[in-house]
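Read top to bottom, the protein sequences are chains A, B, C, D, E, F, G, H, I and J. With numbering that gives the first Met the number 0 as the guide, the letters of the first sequence map in order to residues 0 to 95. With numbering that gives the first Met the number 0 as the guide, the letters of the second sequence map in order to residues 0 to 95. With numbering that gives the first Met the number 0 as the guide, the letters of the third sequence map in order to residues 0 to 95. With numbering that gives the first Met the number 0 as the guide, the letters of the fourth sequence map in order to residues 0 to 95. With numbering that gives the first Met the number 0 as the guide, the letters of the fifth sequence map in order to residues 0 to 95. With numbering that gives the first Met the number 0 as the guide, the letters of the sixth sequence map in order to residues 0 to 95. With numbering that gives the first Met the number 0 as the guide, the letters of the seventh sequence map in order to residues 0 to 95. With numbering that gives the first Met the number 0 as the guide, the letters of the eighth sequence map in order to residues 0 to 95. With numbering that gives the first Met the number 0 as the guide, the letters of the ninth sequence map in order to residues 0 to 95. With numbering that gives the first Met the number 0 as the guide, the letters of the tenth sequence map in order to residues 0 to 95.
Incorrect hints may have been included.
To be verified - Computed footprint of chain H on chain B; a stretch qualifies when at least three of its residues, placed anywhere within it, have a C-beta under 8 angstroms from a C-beta of chain H: (1) 4-18; (2) 57-67.
Stated by the list, open to error - With a cut-off of at most 25 angstroms between alpha-carbon atoms, the simulated DMTMM-like pairs for lysine to aspartate or glutamate come out as follows: (3) K23(E) <-> D93(E); (4) K23(C) <-> D92(C); (5) K77(A) <-> E79(J); (6) K27(G) <-> D92(I); (7) K23(C) <-> D93(C); (8) K38(A) <-> E62(B); (9) K23(A) <-> E65(J); (10) K23(D) <-> D93(A); (11) K27(D) <-> E65(F); (12) K38(J) <-> E26(B); (13) K77(G) <-> D92(G).
Said to hold, decoys possible - Only some residues are given here: those of chain I computed to face chain J with a beta carbon under 8 angstroms: (14) H3; (15) V4; (16) P60; (17) L63; (18) L67; (19) L72; (20) P74; (21) F75; (22) V80.
Hints were generated in silico from the structure; no laboratory data involved. Owing to the predicted nature of the structure, the values given are computational and were not obtained by experimental measurement. Cβ atoms here follow ideal geometry from the backbone N, Cα and C, with glycine treated the same way.
10 protein chains.
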Amino acid sequence: MLFHVEMTVELPHDLPAGVADRLKATEKARAEELQRNGKWRHLWRVAGRYANVSIFDVRGPGELHEILSGLPLFPFMKIEVKALCRHGSAIADDGA
Amino acid sequence: MLFHVEMTVELPHDLPAGVADRLKATEKARAEELQRNGKWRHLWRVAGRYANVSIFDVRGPGELHEILSGLPLFPFMKIEVKALCRHGSAIADDGA
Amino acid sequence: MLFHVEMTVELPHDLPAGVADRLKATEKARAEELQRNGKWRHLWRVAGRYANVSIFDVRGPGELHEILSGLPLFPFMKIEVKALCRHGSAIADDGA
Amino acid sequence: MLFHVEMTVELPHDLPAGVADRLKATEKARAEELQRNGKWRHLWRVAGRYANVSIFDVRGPGELHEILSGLPLFPFMKIEVKALCRHGSAIADDGA
Amino acid sequence: MLFHVEMTVELPHDLPAGVADRLKATEKARAEELQRNGKWRHLWRVAGRYANVSIFDVRGPGELHEILSGLPLFPFMKIEVKALCRHGSAIADDGA
Amino acid sequence: MLFHVEMTVELPHDLPAGVADRLKATEKARAEELQRNGKWRHLWRVAGRYANVSIFDVRGPGELHEILSGLPLFPFMKIEVKALCRHGSAIADDGA
Amino acid sequence: MLFHVEMTVELPHDLPAGVADRLKATEKARAEELQRNGKWRHLWRVAGRYANVSIFDVRGPGELHEILSGLPLFPFMKIEVKALCRHGSAIADDGA
Amino acid sequence: MLFHVEMTVELPHDLPAGVADRLKATEKARAEELQRNGKWRHLWRVAGRYANVSIFDVRGPGELHEILSGLPLFPFMKIEVKALCRHGSAIADDGA
Amino acid sequence: MLFHVEMTVELPHDLPAGVADRLKATEKARAEELQRNGKWRHLWRVAGRYANVSIFDVRGPGELHEILSGLPLFPFMKIEVKALCRHGSAIADDGA
Amino acid sequence: MLFHVEMTVELPHDLPAGVADRLKATEKARAEELQRNGKWRHLWRVAGRYANVSIFDVRGPGELHEILSGLPLFPFMKIEVKALCRHGSAIADDGA
Numbered sequence: 000m001l002f003h004v005e006m007t008v009e010l011p012h013d014l015p016a017g018v019a020d021r022l023k024a025t026e027k028a029r030a031e032e033l034q035r036n037g038k039w040r041h042l043w044r045v046a047g048r049y050a051n052v053s054i055f056d057v058r059g060p061g062e063l064h065e066i067l068s069g070l071p072l073f074p075f076m077k078i079e080v081k082a083l084c085r086h087g088s089a090i091a092d093d094g095a
Numbered sequence: 000m001l002f003h004v005e006m007t008v009e010l011p012h013d014l015p016a017g018v019a020d021r022l023k024a025t026e027k028a029r030a031e032e033l034q035r036n037g038k039w040r041h042l043w044r045v046a047g048r049y050a051n052v053s054i055f056d057v058r059g060p061g062e063l064h065e066i067l068s069g070l071p072l073f074p075f076m077k078i079e080v081k082a083l084c085r086h087g088s089a090i091a092d093d094g095a
Numbered sequence: 000m001l002f003h004v005e006m007t008v009e010l011p012h013d014l015p016a017g018v019a020d021r022l023k024a025t026e027k028a029r030a031e032e033l034q035r036n037g038k039w040r041h042l043w044r045v046a047g048r049y050a051n052v053s054i055f056d057v058r059g060p061g062e063l064h065e066i067l068s069g070l071p072l073f074p075f076m077k078i079e080v081k082a083l084c085r086h087g088s089a090i091a092d093d094g095a
Numbered sequence: 000m001l002f003h004v005e006m007t008v009e010l011p012h013d014l015p016a017g018v019a020d021r022l023k024a025t026e027k028a029r030a031e032e033l034q035r036n037g038k039w040r041h042l043w044r045v046a047g048r049y050a051n052v053s054i055f056d057v058r059g060p061g062e063l064h065e066i067l068s069g070l071p072l073f074p075f076m077k078i079e080v081k082a083l084c085r086h087g088s089a090i091a092d093d094g095a
Numbered sequence: 000m001l002f003h004v005e006m007t008v009e010l011p012h013d014l015p016a017g018v019a020d021r022l023k024a025t026e027k028a029r030a031e032e033l034q035r036n037g038k039w040r041h042l043w044r045v046a047g048r049y050a051n052v053s054i055f056d057v058r059g060p061g062e063l064h065e066i067l068s069g070l071p072l073f074p075f076m077k078i079e080v081k082a083l084c085r086h087g088s089a090i091a092d093d094g095a
Numbered sequence: 000m001l002f003h004v005e006m007t008v009e010l011p012h013d014l015p016a017g018v019a020d021r022l023k024a025t026e027k028a029r030a031e032e033l034q035r036n037g038k039w040r041h042l043w044r045v046a047g048r049y050a051n052v053s054i055f056d057v058r059g060p061g062e063l064h065e066i067l068s069g070l071p072l073f074p075f076m077k078i079e080v081k082a083l084c085r086h087g088s089a090i091a092d093d094g095a
Numbered sequence: 000m001l002f003h004v005e006m007t008v009e010l011p012h013d014l015p016a017g018v019a020d021r022l023k024a025t026e027k028a029r030a031e032e033l034q035r036n037g038k039w040r041h042l043w044r045v046a047g048r049y050a051n052v053s054i055f056d057v058r059g060p061g062e063l064h065e066i067l068s069g070l071p072l073f074p075f076m077k078i079e080v081k082a083l084c085r086h087g088s089a090i091a092d093d094g095a
Numbered sequence: 000m001l002f003h004v005e006m007t008v009e010l011p012h013d014l015p016a017g018v019a020d021r022l023k024a025t026e027k028a029r030a031e032e033l034q035r036n037g038k039w040r041h042l043w044r045v046a047g048r049y050a051n052v053s054i055f056d057v058r059g060p061g062e063l064h065e066i067l068s069g070l071p072l073f074p075f076m077k078i079e080v081k082a083l084c085r086h087g088s089a090i091a092d093d094g095a
Numbered sequence: 000m001l002f003h004v005e006m007t008v009e010l011p012h013d014l015p016a017g018v019a020d021r022l023k024a025t026e027k028a029r030a031e032e033l034q035r036n037g038k039w040r041h042l043w044r045v046a047g048r049y050a051n052v053s054i055f056d057v058r059g060p061g062e063l064h065e066i067l068s069g070l071p072l073f074p075f076m077k078i079e080v081k082a083l084c085r086h087g088s089a090i091a092d093d094g095a
Numbered sequence: 000m001l002f003h004v005e006m007t008v009e010l011p012h013d014l015p016a017g018v019a020d021r022l023k024a025t026e027k028a029r030a031e032e033l034q035r036n037g038k039w040r041h042l043w044r045v046a047g048r049y050a051n052v053s054i055f056d057v058r059g060p061g062e063l064h065e066i067l068s069g070l071p072l073f074p075f076m077k078i079e080v081k082a083l084c085r086h087g088s089a090i091a092d093d094g095a
């Protein structure tokens, strides 16, 4: 089941540099792990913004929430979720 | 080069049924053709809305505009475009 | 799997009365059927507006879209969908 | 009498961890108590966001305000309230 | 029980004059009746706009919806509802 | 002359408790005084939010600004003002 | 007493030309009359838009509403009103 | 003097084809003329939308309004104007 | 050349009182100076908000920016600018 | 390939002056360098706001993101990106 997720990161400017770097490193490691196990199906950078557009392939909203709320940067993110399904004009199921 | 496009279709209620059906049929045929030739890389339906989220793989904004403005339903669409690029945590280039 | 759906109906004023009444009647019949078969789990009227807040219990976004886009009033609705899951402080699963 | 309430929590990043944990614990205990006594009728998590959608069953707006403004996390919440009533197509009163 | 209601009227320009005048006349009569029976407690014009701010005193959201959705101009209104209750600094209950 | 004012209070979380309590106490005393002298004609709590809807009866915008900008909580408020006048369907002048 | 009014005109494209021209002519005559009698104190065009920014000098909101709602183009306008008063740093009362 | 103008065109679907084509043709001719005489300094298409971003070089807001309100498509445009000036980090005046 | 400027001031609550007072004093002196030399043509307070509506008479956007960005409170302001010109129905040029 | 970028800078008021000045100096140097090498094709100040409108000429979204996210002030900017292409009525390609 696919969910379209747009994440915009807003790190406070007074967050100690060390803390920010650790957050980003653990976020990156977690994102790579989720991509390898197929949950995080697509991850693209929105050019010009500290934001990404992603497609998650999960069992349902429960697993989606577990994954997103578990991300190290979650407390600093504005997140928009859209549930996706197969489009009538799609020539492949494309995970939907 | 990837562009994220969200299309929301608003067909006027007083559009003659025949006209609407022809528009939808030609739109579907065109969408299928663009998917086959790799331009329209991903096409998903946003559940609950007459809207889709798509990823286009084109040479640049010029070709993107040509494709989108040439869609039969273009005059009835609200379109939002985001330019995408490879994310620092993406484990594959995924077309970006 | 639960989805929270807010539907706001905007019927054009120049829709012939007969058409509007038939739409409303078939909408009501369909809504009742979906409630009886458990898909449309909750349906409440938003006081003061031609809008409702509903909870759908479906297999996934695909079935949700099928149901919503099949509603007679769908072409006249603004729809917002939120995927729901069990809350950490919920004392019952409540369908989530 | 039913009220639909959407609560979005925005905890400041510089809130001492101990304070945040105590707030969350007392919030959880209070929410469970309100669910047990029937006031907090439905509580669902919005997948991907630190937000919930809830249905409260109270005597009127006064009691609703007392409950919400008394929640430990109230100072950190954006809250939207909609008054609900029975929908003309609802096959059960469902508390409305 | 008090509800704050803001109504903005948008009459289509192509509504035949006779229809518009009859709507306004029946709306005015109904509003006067509701004020006399105490339901429509306050009715003020927002200066410069075809809009009003009103306070309704009703048994609950159900009665509020019945009244508002029964107004002749209801199909041409954008309506926002806020549930009110007594303010901690109010020196009189003022109907709340 | 009547003005409709909606005040939403956003107290910073790091405001020392003593300061916040003194602000609220002086605000309450001032509000009560303004109600007694007829300036603050109506004051209702918006259920579920740290906000109120009020009707002020003043000589003009100058006096309104003096009163509002002099409120202890003014620096922490988002304020929306609407000028009101008598509605054509109002059966009493109701201060307008 | 001064009110800042921003008027944005949206004439429907299918309004017969003759009707539109008559509306504009009567609007212009009325605007000139109101300027001559001092009610319409300032009238400026917002460059690039069918909109104006105006300052009205009236006895109160009632007279403001009478004037604005009596304008021939009123049914085709989106209007925003701000009540003005003398600024603490203004070196002249400037009508406020 | 430079003004940044974003124009979004919304042609009604029921505008007779002949009328729309004539409008577009005269618009194109006028745009070309304004570019040749240096008033319309830059004109770019926003990829994916019936919109453009333009830079006008004019004597002042008066001339800008004359040009924009004189465009054949003006009645069907949503227009946003920003006044521009030379940026402190610009290495050339670039018309500002 | 006239520009309509709306300034909304948002002073952080933790700005030391002395700093805030000095800012306000220098802002007031500067505003008075600009009014005396005719640049700041109109300055009105928006009743109920820490905001003003002003009309500036300057040589062009460059001078406008110099003036506004030089105001002591500039870093704490949200500013909206509209370029103005003479209205077709204005009976006096009124500086436009 | 051209991208239209609007950057709005929001420097926190409690950023030490030295830090802010160094940021601005390095930003200015970087902007000048990018203009000299043709990447930052146009840079204009939006009059009255700490914001600019720019046109970037880059190989694609990837390079655009590299440039923008590498700007010293990037963490303090709200950025909006529009992909541009040649307009059908443009008499010169103007970089598109």
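Results for each hint:
no.: 1; hint: 4-18; result: holds (count 4)
no.: 2; hint: 57-67; result: holds (count 5)
no.: 3; hint: K23(E) <-> D93(E); result: violated, 30 angstroms
no.: 4; hint: K23(C) <-> D92(C); result: violated, 33 angstroms
no.: 5; hint: K77(A) <-> E79(J); result: holds, 16 angstroms
no.: 6; hint: K27(G) <-> D92(I); result: holds, 15 angstroms
no.: 7; hint: K23(C) <-> D93(C); result: violated, 30 angstroms
no.: 8; hint: K38(A) <-> E62(B); result: violated, 32 angstroms
no.: 9; hint: K23(A) <-> E65(J); result: holds, 17 angstroms
no.: 10; hint: K23(D) <-> D93(A); result: violated, 40 angstroms
no.: 11; hint: K27(D) <-> E65(F); result: violated, 43 angstroms
no.: 12; hint: K38(J) <-> E26(B); result: violated, 38 angstroms
no.: 13; hint: K77(G) <-> D92(G); result: violated, 29 angstroms
no.: 14; hint: H3; result: violated, 10 angstroms
no.: 15; hint: V4; result: holds, 6 angstroms
no.: 16; hint: P60; result: holds, 4 angstroms
no.: 17; hint: L63; result: holds, 5 angstroms
no.: 18; hint: L67; result: holds, 5 angstroms
no.: 19; hint: L72; result: violated, 11 angstroms
no.: 20; hint: P74; result: holds, 6 angstroms
no.: 21; hint: F75; result: holds, 7 angstroms
no.: 22; hint: V80; result: holds, 4 angstroms
Hints 3, 4, 7, 8, 10, 11, 12, 13, 14, 19 from the list above are not met by this structure, while the remaining hints are.
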